[in-house]
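The listed protein sequences derive, respectively, from chains A and B.
The working numbering applies: residue 1428 is where the first sequence begins, and numbers increase by one.
The working numbering applies: residue -19 is where the second sequence begins, and numbers increase by one.
Rather than coming from a laboratory, the hints here were simulated on the basis of the structure.
These figures come from a predicted structure and were not determined experimentally.
No residue lacks a Cβ here, since even glycine has one placed at the ideal position from N, Cα and C.
One thing to keep in mind: the hints can contain errors.
[Said to hold, decoys possible] Heads up, incomplete: computed chain A residues facing chain B, CB under 10 Å, no partners named:
1. 1609
2. 1708
3. 1718
[What the hints assert, rightly or not] Here chain B is said to cover these stretches of chain A; the calculated rule only asks that three of the stretch's residues, wherever they fall, bring their Cβ under 8 Å from a Cβ of chain B:
4. 1586 to 1596
5. 1635 to 1645
6. 1692 to 1704
7. 1782 to 1791
Residue-level listing of the chains:
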Amino acid sequence: MTGTVEERFGPYGGRYVPETLIAALDELTAAWAEAREDEEFRNQLGSLHRDFIGRPTPLYPAERLSERVGNTVYLKREDLAHTGAHKINNAIGQALLTQRMGKPRVIAETGAGQHGVATATACALFGLECVVYMGTEDIRRQAPNVERMRLLGAEVAPVDAGARTLKEAVSAAIRDWVANVETTHYVIGSAVGPAPFPALVRDLQRVIGDEAREQALATEGALPARVIACVGGGSNSIGIFTPFIEDAGVELIGIEAAGEGLDTDRHGASLGAGRTGVLHGSLSSVIADAEGQILEAHSVSAGLDYPGVGPEHAHLRDTGRATYTAVTDVAALAAFAELSRLEGIIPALESAHAIAWLLENGGSSGYDILCLSGRGDKDLAEVLEKTSG
Amino acid sequence: MPYMMAGFPDPDSSLAIAEAYAASGADLIELGIPFSDPLADGPTIHAAATTALAAGATMDTAMQVCEAVANRVPVVLMVYANMVLANGGPAEFAARAAAAGAAGAIVPDLPLGEDGEVRNGLSDAGLARVPLLAPTTPGERRGQICAGAQGFVYVVSTVGTTGERAQLPAGLTDLVAAVKAEAEVPVAVGFGIGTPEQAAHVGGIADGVIIGSRLVRAAGEAGSAEAAAAAVGAFLNETRVALAG
């Protein structure tokens, strides 16, 4: 990685935050530009990838899924990373950076709890104080993850505003950061937020794509036809897309949450059914009304239930380099069950959106790589409630 | 310089509050336009925005409040970036604000470096673009902000969001002195000022004192438009006495 840490992706990105945070964003940009070139930092991160997270994760040829789809499909198994999802790649990297910057305290936001658990895990590893903001509705729905975070030594701070879910948790974390910026680093959970976060999170997640590309070339001797990933804030997708962006022949396909349908007001398709706007510090594509009020997103999957998306995805959409489409709650729930039975892999409901799209759009000219961003154990209660009711 | 949230607790009450501000001799009204996700605001003003939106407040509500009092007291709109961009873009927003008689605008999530288009839109419509300056703003940047300031410089008293605080930071006097030395426009201080005594202290070091959450709380607790107007008017009179003393 060389060059500057991008602040803009085409017209998108930027730093739409209170003045109080500007100095900290400058500090973070400089710290990351320096750390990512530093051999000692890279060695430390490499060791943690191997020995703590369990990287590289396998690129698994899913034979029965391939038969069903009509072409060869490889699953990039981020569900096998420590704590059960790709979120740990970002959390470990940012915690290491926090330690390097000499800040003793970390804050984070979480929706379903995966990023909160990953951040609590990283903070336990590095002995950092950790506060995780979480909407009270999500605390109710995700009690086991709340207990995990507490067991790992984190404080879970309830957020009782708005719909009491992820959007409000991010806002609360940013407000904490505004007040405590001199001692605190904000480990944002996706490739969203003010610069340099979208670039920083992408840099830390591109390990998914770097590994997948190398593994695929070693096995197939050729590049894939398509790389497919789900998109909420967009960190697993930007992570797996990035190393393939220069490979013009590889189609990049992002799957958003259509919820109850894009023609309803209950979906999470910020790219497919949003408008250009500012949310949580960056200009991107957001779900908002004509006056600019941000609306509540909806998805059966808590990780896709967010009315914004990373600014680099908005740029990839506009340039046509990546294609974004959406899958409904119903289709995702069906795919959740189907992959479980076909492959003995219970996917996260987020990843199940990508599986659902693949099941409906098989028969590519080559082979496909799909990012299985996390494991689905966390979703069992939700799925049982939705499918038995 | 009192702050109020347009449409809070309801449109009629907010009109009555603006009238009370004008009648009690406010030097300037800072008029907040309610936004769903106000990152610079603490719990009091955030909750007020949520209530105002639930009561049906829109950009028009704010423009009506502005129009009602702008011929008697300067009104500066406090508006988040997404609402400036969404409502036809900066030029159209500025035209609407100018037509309603606004004197300027504060966009708390549009710091130096992101504000070019909005600054130009406001300037073309004859409106001041009031910048915020924080205790964490580095020295060189502070000079750039002061150099580009129009109307006044809004010094954020404390590292944090809006809201009443028991004590103002010890470094505030030095910060305001540094800003006054560099700015060619008046210097006002806001965030955290909730008592007449604090206002008097800040009035002694700065050209203007902005009181927000304390007044929004009073408006919210009042129970009727008349009671809200009376409550904020009484607080402003008390503050005025303290500032004069």
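inquiry  = Flag every earlier hint the structure violates by its number, smallest first.
reply    = Numbers 5, 7, in rising order.
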